[in-house]
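With the first letter of the sequence shown counted as 1, position 96 gets the number 100 in the numbering used here; the numbers rise by one all the way through.
Hints are computed from structural coordinates only; laboratory data are not their basis. Glycine residues also receive a C-beta, built at the ideal position from the N, C-alpha and C atoms. Careful: at least some of the hints might be erroneous.
[Claimed, not checked] Ranges between beta-carbon positions, derived for each pair:
| id | residue 1 | residue 2 | range |
| --- | --- | --- | --- |
| 1 | Gln65 | Glu9 | 20 to 30 Å |
| 2 | Pro98 | Gly52 | 47 to 57 Å |
| 3 | Ala96 | Val56 | 28 to 38 Å |
| 4 | Arg77 | Pro8 | 46 to 56 Å |
| 5 | Pro98 | Arg45 | 37 to 47 Å |
| 6 | Pro8 | Pro63 | 22 to 32 Å |
| 7 | Ala30 | Asp99 | 16 to 26 Å |
| 8 | Val95 | Ala30 | 33 to 43 Å |
| 9 | Asp53 | Ala96 | 36 to 46 Å |
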Amino acid sequence: MTPPELRDLLADALALWGVEARPRVAEDGVALAAPDGTALRVLAAAPGDLPVRWWLERPGQRRPCTSVLGLLRALRNAVGAGEGEARRLRVARPDP
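Based on the provided sequences and hints, a complete structural model is requested.
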């Protein structure tokens, strides 16, 4: 996944969670600020880091993520969107 593709995925997830944050492509990954101002970065892992695919960094912490699902879960928690009722996406036919 390229950095622009990752930025778009993270932007869509943040919008779904109702989080005001704008991820941007940085020189070494994707950067954003959490609603509380905490700087966050998502970096692609080096080939030698397998099975880690990405690193989620915030001041004083570097969390390994082995899948897209794991990355999104870690990001959701980092921005504080994992609190309260879980949001579920439902696919259904529109009302007639």
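Comparing the hints with the structure gives:
1. Gln65 - Glu9: 20 to 30 Å: The hinted range 20 to 30 Å holds for Gln65 and Glu9, with Cβ atoms some 25 Å apart.
2. Pro98 - Gly52: 47 to 57 Å: holds, 49 Å
3. Ala96 - Val56: 28 to 38 Å: holds, 37 Å
4. Arg77 - Pro8: 46 to 56 Å: The hinted range 46 to 56 Å is violated for Arg77 and Pro8, with Cβ atoms some 22 Å apart.
5. Pro98 - Arg45: 37 to 47 Å: Holds: the Cβ-Cβ distance is about 40 Å, inside 37 to 47 Å.
6. Pro8 - Pro63: 22 to 32 Å: With Cβ atoms ~25 Å apart, the hint holds.
7. Ala30 - Asp99: 16 to 26 Å: Taking Cβ atoms as reference, Ala30 and Asp99 lie about 43 Å apart, which means the hint is violated.
8. Val95 - Ala30: 33 to 43 Å: With a Cβ separation near 34 Å, Val95 and Ala30 satisfy 33 to 43 Å, so the hint holds.
9. Asp53 - Ala96: 36 to 46 Å: holds, 40 Å
In this structure, the earlier hints numbered 4, 7 are contradicted, and the remaining ones agree with it.
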